[in-house]
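There are 2 protein chains.
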Amino acid sequence: MSAIETIEKGGITSATGFSAAGITAGLKPSGAKDLAVLCSDRLATAAGTFTKNVVCAPPVTVCKGKLEASEGIARAIVVNSGQANAATGVEGTQNALRTADEAARILGEEAKHVLVASTGVIGRQINMEKMVAGISEACKQMSPDGGDDAAKAIMTTDLIDKQIAYKVKLSSGTVIVGGMSKGSGMIHPNMATMLGFVTSDAAVESGTWSKIVKEASQKSFNQITVDGDTSTNDCLIALTNGASEVVADTQEDLNLLTETVTKCCQHLAKAIARDGEGATVLLEIKVSGAASDEDACLVARTVAGSSLVKSAVFGRDPNWGRIAAAAGRAGVDFDESELDIFLGPHQMMQSGQPVEYDTEAASKYMVDASKGEYMSGEDSVIITVSIGGGSGSGTAWGCDLSYDYVKINAEYTT
Amino acid sequence: MSAIETIEKGGITSATGFSAAGITAGLKPSGAKDLAVLCSDRLATAAGTFTKNVVCAPPVTVCKGKLEASEGIARAIVVNSGQANAATGVEGTQNALRTADEAARILGEEAKHVLVASTGVIGRQINMEKMVAGISEACKQMSPDGGDDAAKAIMTTDLIDKQIAYKVKLSSGTVIVGGMSKGSGMIHPNMATMLGFVTSDAAVESGTWSKIVKEASQKSFNQITVDGDTSTNDCLIALTNGASEVVADTQEDLNLLTETVTKCCQHLAKAIARDGEGATVLLEIKVSGAASDEDACLVARTVAGSSLVKSAVFGRDPNWGRIAAAAGRAGVDFDESELDIFLGPHQMMQSGQPVEYDTEAASKYMVDASKGEYMSGEDSVIITVSIGGGSGSGTAWGCDLSYDYVKINAEYTT
Chain A
36 MSAIETIEKG GITSATGFSA AGITAGLKPS GAKDLAVLCS DRLATAAGTF TKNVVCAPPV
96 TVCKGKLEAS EGIARAIVVN SGQANAATGV EGTQNALRTA DEAARILGEE AKHVLVASTG
156 VIGRQINMEK MVAGISEACK QMSPDGGDDA AKAIMTTDLI DKQIAYKVKL SSGTVIVGGM
216 SKGSGMIHPN MATMLGFVTS DAAVESGTWS KIVKEASQKS FNQITVDGDT STNDCLIALT
276 NGASEVVADT QEDLNLLTET VTKCCQHLAK AIARDGEGAT VLLEIKVSGA ASDEDACLVA
336 RTVAGSSLVK SAVFGRDPNW GRIAAAAGRA GVDFDESELD IFLGPHQMMQ SGQPVEYDTE
396 AASKYMVDAS KGEYMSGEDS VIITVSIGGG SGSGTAWGCD LSYDYVKINA EYTT
Chain B
36 MSAIETIEKG GITSATGFSA AGITAGLKPS GAKDLAVLCS DRLATAAGTF TKNVVCAPPV
96 TVCKGKLEAS EGIARAIVVN SGQANAATGV EGTQNALRTA DEAARILGEE AKHVLVASTG
156 VIGRQINMEK MVAGISEACK QMSPDGGDDA AKAIMTTDLI DKQIAYKVKL SSGTVIVGGM
216 SKGSGMIHPN MATMLGFVTS DAAVESGTWS KIVKEASQKS FNQITVDGDT STNDCLIALT
276 NGASEVVADT QEDLNLLTET VTKCCQHLAK AIARDGEGAT VLLEIKVSGA ASDEDACLVA
336 RTVAGSSLVK SAVFGRDPNW GRIAAAAGRA GVDFDESELD IFLGPHQMMQ SGQPVEYDTE
396 AASKYMVDAS KGEYMSGEDS VIITVSIGGG SGSGTAWGCD LSYDYVKINA EYTT
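Keeping their order, the protein sequence lines are chains A and B. In terms of the working numbering, the first sequence opens at residue 36 and continues consecutively. In terms of the working numbering, the second sequence opens at residue 36 and continues consecutively.
The hints are simulated quantities; they were obtained by calculation from the structure and are not laboratory data. A few of these clues could be false.
Because identical chains cannot be distinguished in the list, a pair is counted as satisfied if it fits within a single copy or across any two copies.
Straight line, CA to CA, 20 angstroms or less: simulated DMTMM-like cross-link-like pairs of lysine to aspartate or glutamate [what the hints assert, rightly or not]:
1. Lys99 x Asp370
2. Lys99 x Asp368
3. Lys44 x Asp136
4. Lys87 x Glu373
5. Lys87 x Asp368
6. Lys246 x Asp414
7. Lys321 x Glu280
8. Lys249 x Glu294
9. Lys202 x Asp414
10. Lys44 x Asp180
11. Lys87 x Asp370
12. Lys147 x Asp76
13. Lys202 x Asp375
14. Lys63 x Asp183
Here the structure is a predicted model, which means the values were calculated and not measured.
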């Protein structure tokens, strides 16, 4: 039996000592929940990964500054949906700082220990009157059962909230790792548009926690793509507060913890890909035989991001030629005569040559996957690509490209 | 008055000494024209630019080899549509060679002087019986009036054939530059899926011609994007045969000739972008203020290729935030506070801040462009981006992302 177990209905507040709330502050015209506050009962070790976009939103800049000032310590995070607070200039920065200040004041915490994140429409200022009132209300409502509300409050065009939690038995006790995320359009490697939050109650040294979070994010959030666009606001913030009183410091425990955080991030990242705007099925691209893991990951991402591959999957059309073409333009050198491609169990290309396969069965494989139960593992179209004899491997996730993607994105602000 | 004039109904056979034919060889199931032969009445100086995809089709490999063997001399080009002859292995290479051999035999020419290009479905072998019969028929039909038929025979999902020709007055006489292209889906920089052919009757030294063609292709075919996918078959081949007996060797003449070839390639490239699968309007992204032209070109291509920008334009939705986000993720460093964005005449962002603009008028600007006459210059949505005080500038072209793109690509092989 695996040391890692899924916690039923688990999420961002499953780990000991974490409370959250998700409320309607009135920032979204729709009246849906739009403000989440997440808080630890004590200071937590914090690590973050942020968008690499040159045009980067004030909350991102503010978070980076706070994590530096606090040397990786935080207690709470305020997240709003509705406005991304991006391209909002000095006023946007002031609003991000004030958001943190307000929460800090209510929580009786130093401002540098309160982080902020925003998602939504770019270029609109947040209504700070509503924000301030909302923070006050959310802080009142915070509870260890508030994870579900929080996960709902950070959604934008997401159809489904994204949450998960695991418990893992370390040598000196059990710790919990949970999280929530939001995604939909504009999802791409290098922290493309998504927000991810992870909590844990393990006691981990700060530098070690940063390394764990970085590795987990590289194998998860950095390997998903919905449409190739990266956002101004992407971030993953992970807090571990030690409330379990279980110290993770042996190599074995740290490996197990890393595996758990990675599993948690992969679930949250895959859920984002599965819920890509207009998506009807999850795409999983497994690449092996590369010279390095980096090369394999790059090929996997390129195939997962190809509009032609994505359209073909939407059409349940086993068009392996597009998979080969996408692999070939990834910027990774390989010998075409060593290229093997499988769609699910159906081999379509061997040593660079097309092989006979049952077109109808291959198409049916994709139809069946699209009918698989949501996030069950049975709802993925799996494409396996081998590009040579190297030991490098990597996986990326994406989704198909449907009419609805275009519809949603043609009508977003208007 | 400009020294460069458009030739009405001009194309690939406008330049002196060029003949062509475009026939139905039966390679396309539809029965549409699918085989073109282009021939000069004498040996011509030849230059080519080819796909950078690792998975590269036999006709590309064969052409590269021939241009090397002939030291940049060619007389004819055989182009088929229907099958791309890509991922077809040794048999595919043999078929590409045999195609050239057959045409060479009929034309009484050395095989190394006959080039080949293919476009269509990947992974299917060409029916060589039909190909051989077709070459024979096409060679019979070749004429100086055959340019239009040839341009039609190279189309795949293109809705409109793409041709243009210009005459330009050099110091010692007038020369003609003409061409044809095909595109539709999978169009991206670095010789993404497209075929382009250019002919000229100027007398130009071989190395100089290569430089001219390279410069022209960088400012045209390498700056268009439809969906980010690059193909296994992309190529631009340009022949100049000296039949005008006008020698271009002074710097002034060479500059004029370069300008004309660039203008020709830009027309052919823009026509490809305008005719991108499902496109309803041409996108033109002009970037200035960059540290270098390369940086500006990269930002322009990234904005032109953003699915979110493309969807917004399809929705006639002036969503400048997506333009800013795409510019920011291009991999070019700039100061966000120096970012200016215009949509047509409407300024949307100044110094990194959103500015007030008339949303309805901006939306109407895009509606009007979509109604503009095809390739008139009035049918483009022009986005102007300035990223700083540098002197680097560049332009890229693309198209919007519509329901029809998805429809066409979801149902291509089945």
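Against the structure, the hints:
Only between protomers do Lys99 and Asp370 lie at most 20 angstroms apart by alpha-carbon distance; the minimum there is 18 angstroms, versus 42 angstroms within a single protomer. When the C-alpha separation of Lys99 and Asp368 is checked against a cutoff of 20 angstroms, the pair qualifies only between copies, where the shortest distance is 19 angstroms, while the shortest distance within a copy is 36 angstroms. In the homo-oligomer, the alpha carbons of Lys44 and Asp136 never lie at most 20 angstroms apart, since the shortest distance is 32 angstroms inside one protomer and 68 angstroms across protomers. With identical chains, the CA atoms of Lys87 and Glu373 are at most 20 angstroms apart between copies only, with a shortest distance of 18 angstroms across copies and 34 angstroms within one.
When the C-alpha separation of Lys87 and Asp368 is checked against a cutoff of 20 angstroms, the pair qualifies only between copies, where the shortest distance is 11 angstroms, while the shortest distance within a copy is 25 angstroms. Taking identical chains as interchangeable, the C-alpha atoms of Lys246 and Asp414 are never at most 20 angstroms apart, the minima being 31 angstroms within one chain and 52 angstroms between chains. When the C-alpha separation of Lys321 and Glu280 is checked against a cutoff of 20 angstroms, the pair qualifies neither within a copy, at 38 angstroms, nor between copies, at 58 angstroms. Taking the shortest Cα distances, Lys249 and Glu294 sit within 20 angstroms of each other inside one copy (12 angstroms), while across copies they are farther apart (50 angstroms).
With identical chains, the CA atoms of Lys202 and Asp414 are never at most 20 angstroms apart, being 25 angstroms at best within one copy and 59 angstroms at best between copies. With identical chains, the CA atoms of Lys44 and Asp180 are at most 20 angstroms apart within one copy only, with a shortest distance of 11 angstroms there and 72 angstroms across copies. When the C-alpha separation of Lys87 and Asp370 is checked against a cutoff of 20 angstroms, the pair qualifies only between copies, where the shortest distance is 14 angstroms, while the shortest distance within a copy is 32 angstroms. With identical chains, the CA atoms of Lys147 and Asp76 are at most 20 angstroms apart within one copy only, with a shortest distance of 16 angstroms there and 78 angstroms across copies.
Within a single copy, Lys202 and Asp375 get their C-alpha atoms no closer than 38 angstroms, and across copies no closer than 49 angstroms, so neither meets the 20 angstroms cut-off. Taking the closest pair of Cα atoms, Lys63 and Asp183 come within 20 angstroms of each other only inside a single copy of the chain (19 angstroms); across copies the shortest separation is 56 angstroms, beyond that limit.
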